[in-house]
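Let the sequences and hints guide you as you build the complete structure.
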Amino acid sequence: MDKGELRKEIKLKRENIERNTKLIADEKIRKTLLESEIYKNSKVVFIYVNMDSEVNTVEIIKELLASDKKVAVPKVIPVSLKERQMKALKIDSLLQLNESGAFGILEPSIECEDISEEVDLIIIPGLAFDLKGNRLGYGGGFYDRFLSKYPNSKRVALCYDFQVFDEIPHEFFDEKVDLIISEEKIISLKKS
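The opening position of the sequence shown corresponds to residue 3 in this note's numbering, with each subsequent residue numbered one higher.
There is no bait here: all hints are sound.
Calculated cross-link-like contacts (lysine to aspartate or glutamate; reagent style DMTMM-like; alpha-carbon spacing at most 20 Å):
# : residue 1 : residue 2
1 : Lys5      : Glu56
2 : Lys64     : Glu101
3 : Lys134    : Asp176
4 : Lys151    : Glu173
If you anchor each label on the Cβ, the simulated ranges turn out as follows:
# : residue 1 : residue 2 : range
5 : Asn43     : Asp146    : 21 to 31 Å
6 : Leu36     : Leu108    : 19 to 29 Å
7 : Asn18     : Leu108    : 18 to 28 Å
8 : Glu119    : Glu11     : 33 to 43 Å
9 : Phe174    : Lys64     : 30 to 40 Å
Derived from the structure by calculation, the hints contain no laboratory data. Backbone N, C-alpha and C fix where the C-beta goes; we use that ideal spot for every residue, glycine too.
Below, the structure is given as structure tokens:
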């Protein structure tokens, strides 16, 4: 199966998760993340703001904001007519997520502080992941470009169990994750 077919299949599966099943899975994933050593040892957490059928991160963001950790979320910024890049902007409240950005995802305003250089834990969305740490995103390359700048930051993928495969199609430039958390398991990986 190629990347396009896999993206389509996973999106469809995610969209068809029963609401109650999703709520229970999201809560298990949230608890597992917050109890993990990788989370406990972090100081500055970059976390995606979920869209549609992705694992819900709003409750995680609320917990982060109530903790002593710095919290950053993605902001996609145009750098030229054809190129956009992702920055990690610090938020102190969910109310700062007040702009509809790329793909209709809530983002903070550009006035928020850019703390990209400080991030030590990156919580990543995706459509599929494999047992070697490969990630299949949405095809825009935003996370691969962002992750390539922070090779020492820990990377955690949040997903549902059906999004984890033995192997997925990937390219040499695709950035890997260190840990995959689903509602059923935790998979710890070593980047190679």
